[in-house]
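S.K.: What follows is each chain in one-letter form.
Number of protein chains: 2
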Amino acid sequence: MKANQKLRLSIWALTAYVLCACGTSSAQKTAGPLVRIAELEIDPAQLEAYKAALGEEIETSIRLEPGVLALYAVSLKEHPNQVRIFETYANRDAYESHLKTPHFSKYKAGTQRMIKALKLLETDPIRLGAKPI
Amino acid sequence: MKANQKLRLSIWALTAYVLCACGTSSAQKTAGPLVRIAELEIDPAQLEAYKAALGEEIETSIRLEPGVLALYAVSLKEHPNQVRIFETYANRDAYESHLKTPHFSKYKAGTQRMIKALKLLETDPIRLGAKPI
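Going down the list, the sequences are from chains A and B.
Reading the first sequence from the start, the letters are residues 365 to 497 in our numbering.
Reading the second sequence from the start, the letters are residues 365 to 497 in our numbering.
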């Protein structure tokens, strides 16, 4: 798929509307999505290679894994080698299954010498709002 | 809308599929979405009131503003008064328009004494991947 097709598809799909009133009861917490934030510092000399590997891993995970709902990766404008990934999985099983996939193993092995620091933040969703189809 | 309806709608809409190959050319950077991360520290005594105000602001922004594509708000499990909001706007105009809306003004005025610290991080998207309908 060409980049501009992906962008159009993105804009189309991001017009989907969703409001997730998460965490308002313990039952919903159990059933609701698992959201994590990864904070990474990348070796500046290997930043482009890292971004390519991450992009491929995200594309494959979203395409192949039903329980991987969203993976949003950005770099900070003021510190481009600082990367943040906002990760949403259907539940904990989906997350643990994701860690065992060949594409995640490939990403992990291929990028371990590019990543200088990694912090994983567990979260409780307050509200996850996005546009509908 | 009841909480469980919102959750069902969320799961439905989060099955949407989108891959945004952002930032691969300067033209795309100009046309592509604006993504920011807000890092907030909330007065613990006012945390529930803040979460309610934020949830209302997100719900209204997504419903009324075509250019507000996604607002994902979470609190950190280890520091529940630390809030992160991952914000995606169609473009800079959409973001600036958002700041002028009555619902944003209401949120800003109503929460200013609840927020102890606020850091806004500008970002460059690497890849924004989410499920399709």
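Incorrect hints may have been included.
Identical chains share a label here; the pair holds if one copy fits it or two copies do between them.
[Stated by the list, open to error] Here are the simulated EDC-like cross-link-like pairs (lysine to aspartate or glutamate), alpha carbons at most 16 Å apart as the crow flies: (1) Lys470 - Asp457; (2) Lys464 - Asp407; (3) Lys472 - Asp407; (4) Lys472 - Asp488; (5) Lys441 - Glu423; (6) Lys480 - Asp407; (7) Lys470 - Glu486; (8) Lys464 - Glu442; (9) Lys470 - Glu403; (10) Lys464 - Glu429; (11) Lys441 - Glu412; (12) Lys483 - Glu405.
Just so you know, these hints were derived from the structure itself, not from any lab.
S.K.: Compare the structure with each hint and give your call.
M.R.: Cross-check of the supplied hints:
no.	hint	verdict
1	Lys470 - Asp457	neither (20 Å within a copy, 39 Å between copies)
2	Lys464 - Asp407	neither (25 Å within a copy, 39 Å between copies)
3	Lys472 - Asp407	within (15 Å within a copy, 38 Å between copies)
4	Lys472 - Asp488	neither (25 Å within a copy, 23 Å between copies)
5	Lys441 - Glu423	neither (23 Å within a copy, 28 Å between copies)
6	Lys480 - Asp407	within (6 Å within a copy, 33 Å between copies)
7	Lys470 - Glu486	neither (24 Å within a copy, 30 Å between copies)
8	Lys464 - Glu442	neither (34 Å within a copy, 26 Å between copies)
9	Lys470 - Glu403	neither (20 Å within a copy, 31 Å between copies)
10	Lys464 - Glu429	within (11 Å within a copy, 39 Å between copies)
11	Lys441 - Glu412	within (15 Å within a copy, 32 Å between copies)
12	Lys483 - Glu405	within (9 Å within a copy, 19 Å between copies)
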